[in-house]
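Required output: the full structure, derived from the provided sequences and hints.
First to last, the protein sequences are chains A and B. What the first sequence shows, in the working numbering, is residues 555 to 752, in sequence order. What the second sequence shows, in the working numbering, is residues 555 to 752, in sequence order.
Incorrect hints may have been included.
[Stated by the list, open to error] Label-pair ranges, simulated between beta-carbon atoms:
| # | chain 1 | residue 1 | chain 2 | residue 2 | range |
| --- | --- | --- | --- | --- | --- |
| 1 | B | K720 | A | S729 | 45 to 51 Å |
| 2 | A | S736 | B | S740 | 57 to 63 Å |
| 3 | B | D745 | A | E663 | 26 to 32 Å |
| 4 | A | D639 | B | L561 | 51 to 57 Å |
| 5 | B | S752 | A | A565 | 45 to 51 Å |
| 6 | A | L561 | B | Y575 | 30 to 36 Å |
| 7 | A | N703 | B | L718 | 38 to 44 Å |
To be clear, the hints were calculated from the coordinates, so they are not data collected in a lab. Glycine included, C-beta positions come from ideal geometry on N, C-alpha and C.
Next come the chains, spelled out residue by residue.
Number of protein chains: 2
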Amino acid sequence: MNFEYLLKQVAFIHEIDKVKYILRKTRLFNSDRNENDAEHSWHLSVMAIILADHANEPVDILKVVKMLLIHDIVEIDAGDIFLYDTVASHTNTAAERTAAARIFGLLPEEQAADLTAVWEEFEAGKSMESKFARAMDRLEPLLQNISNNGGTWKEFDVRYEQVLKKKSVIEHGSSRLWEFASELISKSVKDGILKVSS
Amino acid sequence: MNFEYLLKQVAFIHEIDKVKYILRKTRLFNSDRNENDAEHSWHLSVMAIILADHANEPVDILKVVKMLLIHDIVEIDAGDIFLYDTVASHTNTAAERTAAARIFGLLPEEQAADLTAVWEEFEAGKSMESKFARAMDRLEPLLQNISNNGGTWKEFDVRYEQVLKKKSVIEHGSSRLWEFASELISKSVKDGILKVSS
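Set out below in structure tokens:
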């Protein structure tokens with residue numbers, strides 16, 4: 555029997571195993587162990603299912619989960635870029651587009667086109683699904699840093715104003731979650747785990 | 555503002571971080587590093603999306619993915635049990651039910667009931683969605699063991715007959731994938747990475 559179609563899918567399944575080796579700057583909850591992209595993508599996907607009702611508008615939750623499951627696959631080639639990196643851009647670089655073409659391109663043509671489109675939609679951040687997915691992506695490390703008494707904020711001297719600016723995109727996905735997150739950020743300042751500039 | 559509902563959800567999001575520390579016997583592809591349950595759940599979820607068209611009947615893919623994302627959360631309390639363990643049962647033990655009640659019980663009532671039902675459905679393995687989800691759960695370690703020249707089969711002296719029996723449940727989810735998997739198993743014997751009994 556001809557397994558050509560299936561073998562392309564299996565090649566992709568093999569390839570994405572590498573996502574498990576890509577370490578983020580952020581650490582697990584109450585931990586000094588760095589989180590990897592597979593763990594991160596899993597956690598965001600569960601969060602999206604649990605928190606979906608807080609989205610500003612109803613979302614196609616399957617699409618949100620698809621986005622979150624695959625959003626970091628391009629980092630196999632392009633690497634992880636820290637949210638507060640002031641030099642490298644952290645979204646949709648040329649390197650990421652090349653990576654998407656290579657990695658999604660392992661799949662049968664239609665599936666490659668579908669996943670590429672889902673990834674592009676996430677990166678563009680214009681649809682309600684992508685806004686909500688991105689809110690998850692910003693919320694998880696916020697919770698992690700708080701659980702780690704400041705975590706990467708302390709480690710990389712990130713200040714309140716930067717956090718507020720980067721995290722405020724949560725509001726585009728969910729005003730409710732942003733209300734919650736901004737309270738957590740203020741409390742972090744009060745608790746001395748996040749510094750204000752100057 | 556009252557965040558009571560949301561705080562329950564966040565408590566659950568915190569708690570499930572522990573899934574990242576639960577090590578499986580199986581190792582990553584071409585690797586000697588054990589896979590953890592979060593990585594495993596992520597990988598199976600992506601596989602389900604990619605391979606959905608091979609299911610014996612059309613499946614509600616969102617439900618399949620929900621099952622796969624949460625199916626190992628009970629192992630936070632109950633621990634991972636090796637598929638070929640001859641003493642401990644590996645599905646739906648009393649310890650797993652107690653764990654489900656505690657961990658899903660962190661969520662607001664309706665969500666706790668929903669996730670418990672999804673987990674029970676996966677464990678029962680009777681719906682098409684659960685059959686397909688379970689096929690993913692059996693297929694991934696098969697691919698991993700082959701990439702590792704026998705992997706846990708060699709490590710724990712697991713034989714062809716046991717593998718065939720345990721993996722044959724793939725057929726309930728997808729005859730097509732079982733056809734593929736059984737060819738891989740036969741090839742593994744021929745390649746000398748899986749031994750036949752006696």
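Status of the hints after comparison with the structure:
1. Distance hint for B/K720 and A/S729: a CB-CB separation of about 49 Å, consistent with the stated range 45 to 51 Å.
2. Distance hint check: the CB atoms of A/S736 and B/S740 are about 59 Å apart, consistent with the given range 57 to 63 Å.
3. Checking the proposed 26 to 32 Å range against B/D745 and A/E663 shows it holds: the Cβ atoms sit about 31 Å from each other.
4. At roughly 32 Å, the beta-carbon separation of A/D639 and B/L561 lies outside the given 51 to 57 Å, and the hint is violated.
5. The supplied range of 45 to 51 Å is broken by B/S752 and A/A565, whose beta-carbon atoms lie about 36 Å from each other.
6. For A/L561 and B/Y575, the hinted distance range of 30 to 36 Å is satisfied, since their beta carbons lie about 34 Å from each other.
7. A hinted range of 38 to 44 Å for the beta carbons of A/N703 and B/L718 is inconsistent with their spacing of about 51 Å.
Violated hints, in rising order: 4, 5 and 7; the structure is consistent with all others.
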